[in-house]
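Protein chains in written order, with this note's numbering: chain D, 812 to 1272; chain C, 39 to 425.
No lab work stands behind these hints: they were computed from the structure.
A few of these clues could be false.
Cβ-Cβ distance ranges computed for the label pairs, FRET-style [what the hints assert, rightly or not]:
(1) D:834 with C:51: 30 to 36 Å
(2) D:951 with C:186: 25 to 31 Å
(3) C:125 with D:987: 48 to 54 Å
(4) C:115 with D:1182: 16 to 22 Å
(5) C:269 with D:1182: 48 to 54 Å
(6) D:1154 with C:43: 28 to 34 Å
(7) C:188 with D:966: 43 to 49 Å
(8) C:115 with D:904: 32 to 38 Å
Here a beta-carbon is modelled for each residue, glycine too, at the ideal position from N, C-alpha and C.
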Amino acid sequence: MEFSINELIEWNKKIEDIVDRLGLDYYQQEFEICSFEDMISYQAYSGMPARYPHWSYGKAYERIKTFYKYNLTGLPYEMVINSNPCLAYLMKENSLLLQILTMAHVYGHNDFFKNNRLFREGTNAEYTLEMFKNHAKRIREYISNPGIGYQRVERILDTAHALKFQTSKVINEKKLTRKEKIKRIKEKYQPQYKEFQLLTDKKDEQMPDLNKIPLEPEEDILSFLIEYSDLEDWEKDILQIVIDETAYFIPQLESKIMNEGWASYWHYQILNELDLPQGMHLEFIKRHNQLISPNEKGLNLNPYYIGYKIFNNIKEKNPDQAEKIFEVRKLERDESFIRKYLTFDLIREMKLLKYDEKKRYYSISEVADEGGWREIRNTLANSVGMNKFPTIKIVEFSKKDNILYLQHEYVGKELKMGYATETLKYMMELWGGPIHLETIIDNEAKKIICDQDKEITVKDS
Amino acid sequence: MAIFKKYENTGKDRSAEDRRRHRELVEDSIKKNISDIIADESIIGKSKDKKIKIPIKGLKEYRFVHGNNKSGVASGSGEEKRGDKISKPQKQQGSGQGGSDQAGNEEGEDIYETEITIEELIDYLFEDLDLPYMERKKLSQIETESTFKKSGYKKKGIPPRLAKKRTMIERIKRKKAYARAHDDFDEEERFPFHDQDLRYYRIKEEERKESNAVVICIMDTSASMNQTKKYLARSFYFLLYQFIQMKYQNVEIVFIAHTTTAKEVTEDDFFHKGESGGTYISSGYQKGLEIIEQRYDPSHWNVYCFHCSDGDNWSEDNQKALEYAKKLCDVCNLFGYGEIKPNYTRSAIKSIYSENIDSDNLALVRITKKEDIWPSFKEMLESDKEG
């Protein structure tokens, strides 16, 4: 380390003074100094000091390490988790300036975690570390239980991981029980007041079958499996663990651009007020520009870049409303943030474009001009956060032949076949019966069937 | 005020277990897909350089993802126009920074690749073969040489093995003991060696197995052997060579190409030069026998001879080919004939061998497609003799 811990404490004090003055509202902050190896480990386990074992984390570790080895990503910059106190890691190999920059950046994330609606409603920062620790403990217990063991636990985890994003896209959605749903349906189809009868044609509409499972198409596949499959209790418990952990991460997925933009916006303000010595100031400008630069190679979009630009733009446009950006960070998610605040001017300034993927190449379909910017904005809004994942709903469980019917909600994007079939096989493992998935391939309705022997057939439907 | 936690070197490698498990699963999948990997040209060409690494994709984490006809938004240079085409780049990397769950970053294809060396690959390959049995059958090594190794000391021995240093030490020990017993002993006094001081090296005899092997690759390069067939042959030779190399210290390789006449060629010519003309298989065998006689005396060399052909031998040559094949069986540890036919017609020459040669050293194999390579190879090493 080229600096002492006291130096860090001194700099942090200055940063906190500025942060308080600028009006950020944050959880108690905690910094842990760690080594390069530790940092990679934390990244592989999403920052959690304790997490259950699974090969995918080993893979993540190797992947991250390979990236660093071949310099495919920059330095391990920051790792901060949504917890109270807010835990962040500082890598000791980094320069003093990088530590200062990281600390300032972390306060931005910390404020975002504490105030953004998705995090407030969807996660409980007080219990973050406890929850992950508790999950790890439970899963390790199943592993060491001689009646269960590693491989059976892994089998459940593999499937749970494959399906974990097939869940409700609404954060903190109130789940109705089956009873409540039936009640609601009955109310809806109850005879209305006589006086309006002439005005409505609803008379003939039939009440839906109340014995149907599920009553309405169900997005949350893992929860459905917990409710209707023949899995053992410990298996259901593992599914629940994965559901809970996914719920914790969804706000982060849903606000990547905002979150990074917000933190970058603030680290820039803070460091400019810090009175850095000249050498450090130059390093700061260099690092900052790297971080928020558009990616030059390939068809990429840097979330730091977009988020930073939009927040700056909002600030500039509302010079009299200091509160405006704070409101935005509180209420929006990436999708709405982009729809509302990614303007034509910004799209033009950032030279955004829309591309379509073809078999052998990408074709540019829209560029940043009068006729194209809306399409670009909408495409981006439709592809951020959970929108990345296809929506697949369970429409019916046929008890008679134990078949599960799934429906892919096609919105112009096809499923990747090889992945879909493998995922169906995983699902079949736990479900135990055939699974039919309806989707659209090459503009034709198709049905992908995974039978009980995990044989896949594709039929016209 | 923020809390600072000092750096502590816990020395624990947290992800070790999960990495081990991932690697284990990758290895399993390698074994399952081995025929794809070995039939892949990238390995075969580089067989001599063991350090070449083969990229193996990390285990995929399957989930429902969007596939074809995807659209996206990117930042450009401002000079792009509608309708511009951009070639697909080599695997793109998602930005790995940030505190959020990485899982959502890539949509499908796993970018990271783990690497294994050819040696490791060969290890996986041969792991599930019944090696001890095969060694008895096919890899019986010639025991000719013995070497000697010093191992400890003894009191009796022959003069050439006198351990001088040890003998000196024994004399000094005796002198010191004497001095302690006799107070009036003068250190300067002459103190000659005694028979008891002499020590000799103890010698352990080690039998060394003959560690020379030669792989003779004979291939029909007549017009009917097209690139696809040669490619299959090549994969087969690759395996054979790797396998032999694992067993012996010194492995040489000889390439013989034949049409109606045979000649020794370089590896490159062997695989890439096509020739026109007919086929006399016997010419290749004759050349092989010649080379064995001149350079690889079977009493010092373990000879492995393998012939690949599509079996279109001119019939007048069949008798002669059989005769030479028998001779090759006699001098080789293993003589193999691999018939490469993309369809299922049977050829005369293979039946002639199987009916007329009665030798444990003969192996007959047929390969119709690249997926056959590994099973055929295994079969060749495992089976007594194909009928």
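Does the Cβ-Cβ separation between residue 188 of chain C and residue 966 of chain D fall within 43 to 49 Å? 57 Å, violated
Is 32 to 38 Å right for how far apart the beta carbons of residue 115 of chain C and residue 904 of chain D are? Holds - the Cβ-Cβ distance for residue 115 of chain C and residue 904 of chain D, about 34 Å, lies within 32 to 38 Å.
Range hint 28 to 34 Å: satisfied by the CB atoms of residue 1154 of chain D and residue 43 of chain C? For residue 43 of chain C against residue 1154 of chain D, whose Cβ atoms are near 43 Å apart, the range 28 to 34 Å is violated.
Distance restraint evaluation - residue 125 of chain C, residue 987 of chain D, Cβ atoms, bounds 48 to 54 Å: Check passed, 50 Å falls within 48 to 54 Å.
CB-CB spacing for residue 1182 of chain D and residue 115 of chain C relative to the 16 to 22 Å hint: Once the Cβ atoms are compared, 19 Å apart, the range 16 to 22 Å for residue 1182 of chain D and residue 115 of chain C holds.
Quick check on a hinted range of 25 to 31 Å for residue 951 of chain D and residue 186 of chain C, using CB atoms only. For residue 951 of chain D and residue 186 of chain C the Cβ distance comes to about 56 Å; the hint is violated.
Can you let me know if the beta-carbon spacing of residue 269 of chain C and residue 1182 of chain D is within 48 to 54 Å? 52 Å, holds
Verdict for residue 834 of chain D, residue 51 of chain C (Cβ pair) under range 30 to 36 Å: 43 Å, violated
Comparing the model with each numbered hint stated earlier shows that hints 1, 2, 6, 7 do not hold.
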